[in-house]
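Asks: Sequence:
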Amino acid sequence: MDQQFFKNIEKKTGVNMKDIFELANSLQNANFSDEKTVRQVVKRVAQIANRRVPKELEDQIVKTIVHSGKQIDFNTIANMLNNKK
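According to UniProt numbering, the sequence shown holds residues 1 to 85 in order.
No lab work stands behind these hints, which were simulated from the structure alone.
Careful: at least some of the hints might be erroneous.
As the list claims (entries may be wrong) - Within a straight-line C-alpha distance of at most 20 Å, the following computed PhoX-like cross-link-like pairs (lysine-lysine) qualify:
| id | residue 1 | residue 2 |
| --- | --- | --- |
| 1 | K18 | K36 |
| 2 | K36 | K7 |
| 3 | K36 | K12 |
| 4 | K7 | K18 |
| 5 | K55 | K43 |
| 6 | K63 | K43 |
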């Protein structure tokens with residue numbers, strides 16, 4: 001993709017694309033049935049998005065992901081964070 005495209009996204013969101021790519025790579029082989037792994041991913045997404053995630057919301061996200069048994073991508077977690085403002 002065009003480098004300017006990513007620079008525009010960084011400017012609009014304030015999120016470093018390098019961080020996004022690193023997170024996306026870590027999600028590819030992550031074990032989403034492991035609670036510890038899921039908590040680490042949720043915390044990393046919150047850190048990248050510069051959002052505070054209350055413990056109750058973190059627990060809800062982790063429970064949903066671990067019990068669903070499905071692979072989760074960055075958009076899924078980001079949407080969960082954005083929907084719980």
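Asks: Compare the structure with each hint and give your call.
Replies: Hints versus structure:
1. K18 <-> K36: Violated, because 24 Å separates the two Cα atoms, which is more than 20 Å.
2. K36 <-> K7: Answer violated: K36 to K7 is near 33 Å, above 20 Å.
3. K36 <-> K12: Since the Cα atoms of K36 and K12 sit roughly 32 Å apart, the hinted pair is violated (cutoff 20 Å).
4. K7 <-> K18: holds (11 Å)
5. K55 <-> K43: holds (10 Å)
6. K63 <-> K43: Holds - the C-alpha atoms of K43 and K63 are around 14 Å apart, at most 20 Å.
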